[in-house]
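Student: Sequence:
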Amino acid sequence: MSFAESPLEVPFGAAIDPEEFLRATMHWHFSPETGSAFWLERAGSLGFDPRTDVRTFDDLTLFPNFADELRQVRIEDVIPRGYGPCPDVVGVYESGGTTGEPKRVVLLRDWLDRLLHWSSAQLDAHGFPRDVNWLVVVPTGPHMVGDVIKAQAVSRGGLPFTVDLDPRWVKRLIADGKAAEAGMYADHIIEQVAYLLESQDIGVLMCTPPVLERIAARDDLARLVNKKVRAINWVGTQMDADTRFLYRSEIFPNAVLYSGYGSTMILGNASERVGLTDDDPCVYDPFSPYMSLSVVDPETGKPVPYGERGQVVMHHVSKAMFLPNNLERDLATRVEPPAGQVGDSVADIAPVAEFKSEKVIEGVY
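Residues 1 to 365 (this note's numbering) make up the sequence shown, in order.
Misleading hints may appear alongside valid ones.
[Claimed, not checked] Derived CB-CB ranges, DEER-like:
no.: 1; residue 1: E76; residue 2: A222; range: 26 to 36 Å
no.: 2; residue 1: R309; residue 2: F48; range: 23 to 33 Å
no.: 3; residue 1: G84; residue 2: P11; range: 16 to 26 Å
Treat the hints as calculated values from the structure; they're not laboratory data.
Quick caveat, the model's predicted, so the values are computed rather than measured.
Beta carbons are placed, not taken as given, at the ideal position from N, Cα and C, and that holds for glycine.
I would like the entire structure built from these sequences, with the hints used as guidance.
Tutor: Here you go:
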């Protein structure tokens, strides 16, 4: 089927009707010929037929939150049958394990290509340079973000240099009261960052706020960043507006500062809105209609008013994966979306203190 015949194949940048797209994905994921074993096995217990009863994005709330089942499900069962016997799989990735055993997703090539097109357009809009090398200080291994950003750097004409973060180990150290050991691990990360900044041509630095804070605390590294780095992409834990302003105006005045809010369970990230002032909170807009966000009262599940805080619910709807109604461990302020976007925009991201009786620990990420 050509893209002209299916909203699932619309090329990046082409106009798309969100509800037409949603109905096409319901047929794809819940038809025996194309759907995954995961969704076909659960379809009979839903009490409704997604192919006929899910007409708008508001109807996604009909689905229970199945995300926890991704901790144990056979990963092949998550891949839609419509991809055939040899799907182009980029990798199998896991969540951070903050709220229990990790959940697993599979990243398919067509979704990665679409995500990179969108993400690169966001970087261009924020003034990120092309044809420069990236220093990527994020989780790799079972975590998706490292591989995606390495591919992003290459697609924009640069080479990726990486320093691996192991957020699970740091969280375990902190949970066990071993703050000194966690600090030693963070120092180990910064030593690797220093070596790469000193020895290589780095145009973009991608890291988390705790890592950026440690870089800023070392005068020699701050000087290297100001000398070489033209843009800083921070991800992961939150950064308050005062700190963001300090980085932009005093510590790293020569670099563009930009952030993303992502999750493995949404197979990507929302992007910082273009045109925010230093007085604005950091507002994130998702890749609509493939990713959409809601900010709800955790007790009722109902959306909170714009400007109020609630818990984030994420939906991923694409040819590659369908995961609706996933209650995340984050709190956010609900922000009115730009015209044409499905769902909410969000600001002031912060983790809940506990999620499903587990204490939430951020560590280096």
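Student: Confirm or reject each hint.
Tutor: Hints versus structure:
no., hint, result
1, E76 with A222: 26 to 36 Å, "violated (47 Å)"
2, R309 with F48: 23 to 33 Å, "holds (31 Å)"
3, G84 with P11: 16 to 26 Å, "holds (21 Å)"
When held up to the earlier numbered hints, the structure conflicts with hint 1 and nothing else.
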